[in-house]
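Engineer: As a plain string of letters, each chain reads:
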Amino acid sequence: MTGQELITNEEENKKRMKSYVTGFILSIILTLIPYVLVTYRLVTGYVLVASLLVFAFMQLVVQLLFFLHMRQESKPRLNLMIFLSFFGIIVVVIIASIWIMQHLNYNMSLVQMSNVMQNGEGF
Amino acid sequence: MTKSTIQTHHKDHQEAITSDKTVFGFWVYLMTDLLMFAVLFAAYSVLHGNIFDGPGGREIFNLPFALSETLILLTSSFTCGLAILAVRQNNKNQVFLWFGITFLLGLSFLGLELSEFSKLVKEGNTWQRSAFLSSFFTLVATHGLHITVGLFWLSLCMIKMKTQGLTKGITRKLTLFSLFWHFLDIVWIFIFTIVYLMGAL
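From first to last, the protein sequence lines are chains A and L. Residue numbers for the first sequence follow this note's numbering, so the first one is 1 and each next one is one higher. Residue numbers for the second sequence follow this note's numbering, so the first one is 1001 and each next one is one higher.
Honestly, the hints are just simulated from the structure, not real lab data. For every residue, glycine included, the Cβ atom is placed at its ideal position computed from N, Cα and C. Don't take each hint at face value.
[As the list claims (entries may be wrong)] Examples of chain L residues toward chain A, derived with CB under 8 Å:
1. Val1046
2. Ser1077
3. Leu1082
[What the hints assert, rightly or not] Partial list, computed: chain A residues near chain L (C-beta under 8 Å):
4. Thr22
5. Phe24
6. Thr31
7. Gln59
8. Leu60
9. Gln63
10. Leu78
11. Ile82
12. Phe83
13. Phe86
14. Ile94
15. Asn119
Just chain A, with the same shape it has in the complex (with noise of 0.2 Å):
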């Protein structure tokens, strides 16, 4: 390995370092947040779950760049495509799980269902 070589991986060295030290600080703060808002209700209501999903999804974006160096990935990008597309198939996933079963329990309710065998209509 030649001397120039040495003190290159020496400055990637530092600069991983620094971003380890970054990412660290910057998690435990979104970690704190969300919990002294719930602890302390600074916030009510939807405008909490918002603020605590966001909080989640900074430290997500925060973790992929610090911690796991997605922004240093050469090219082409597999890892940020594969990524982002499983992003997208989890987003249907949740979403669409609990808008079905949002919709299944109130549309299916036992009140409902006996309300319905009750009333002859049957199914």
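Since the structure of chain A is already known, use the hints to place chain L on it.
Structural biologist: Using the frame of chain A, we list chain L on its own:
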């Protein structure tokens, strides 16, 4: 350039490609694992209201406890990154130190989780109590199982490293382990947010 340097260059290049391929394959595995967790999350979000007159999240979740679990796992993810940095610098002692800390933090996380589970079971809130508890135990214990597998994997790598030193094969295995460990930390963030923080509302 002599013939042998060309050959070593060629070999290095080939090795870089194989290692890239291994990382990519492992990344695809992680994404399918993520999909499995997503399905468990979906099941939990659908079922979390079905408490069947049992306890809800607010009664059984202890937020400071969950926060300490989160911080422990986060720190272990950080020390795992420092260990990989030591691998890059070829500093064996530092690798042992940081991976040792990672292992202990992972173990204490697992201990906290198991104590939480045993407390719930002792109080009669088992996975058979309600749909909410079934989905809770499935989601959180699947994550705990991954952590257990990760700890076994890490200790095997450490034993191999002790006997063989930092060979290319072990370096690659440790790189894959670090991806796995960071991934588990990311999944836990969502468990902390969706199960514990939202459950306590």
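Engineer: It remains to establish, for every hint, whether it holds in the given structure.
Structural biologist: Taking the hints in turn, this is what the structure says about them:
1. Val1046: holds, 4 Å
2. Ser1077: Interface hint status for L:Ser1077: holds (6 Å vs cutoff 8 Å).
3. Leu1082: Holds - the Cβ of L:Leu1082 comes within 8 Å of chain A, reaching about 6 Å at its closest.
4. Thr22: violated, 11 Å
5. Phe24: Because about 4 Å separates A:Phe24 from the closest Cβ in chain L, which is inside the 8 Å limit, the hint holds.
6. Thr31: holds, 6 Å
7. Gln59: holds, 5 Å
8. Leu60: holds, 6 Å
9. Gln63: With a minimum Cβ separation of about 5 Å from chain L (threshold 8 Å), the hint on A:Gln63 holds.
10. Leu78: holds, 6 Å
11. Ile82: holds, 6 Å
12. Phe83: Since chain L brings a Cβ to about 6 Å from A:Phe83, closer than 8 Å, the hint holds.
13. Phe86: holds, 4 Å
14. Ile94: Holds. Min distance 5 Å.
15. Asn119: With Cβ-Cβ at 27 Å, over 8 Å, it is violated.
Taken one by one, the earlier hints fail for this structure at numbers 4, 15, listed in ascending order.
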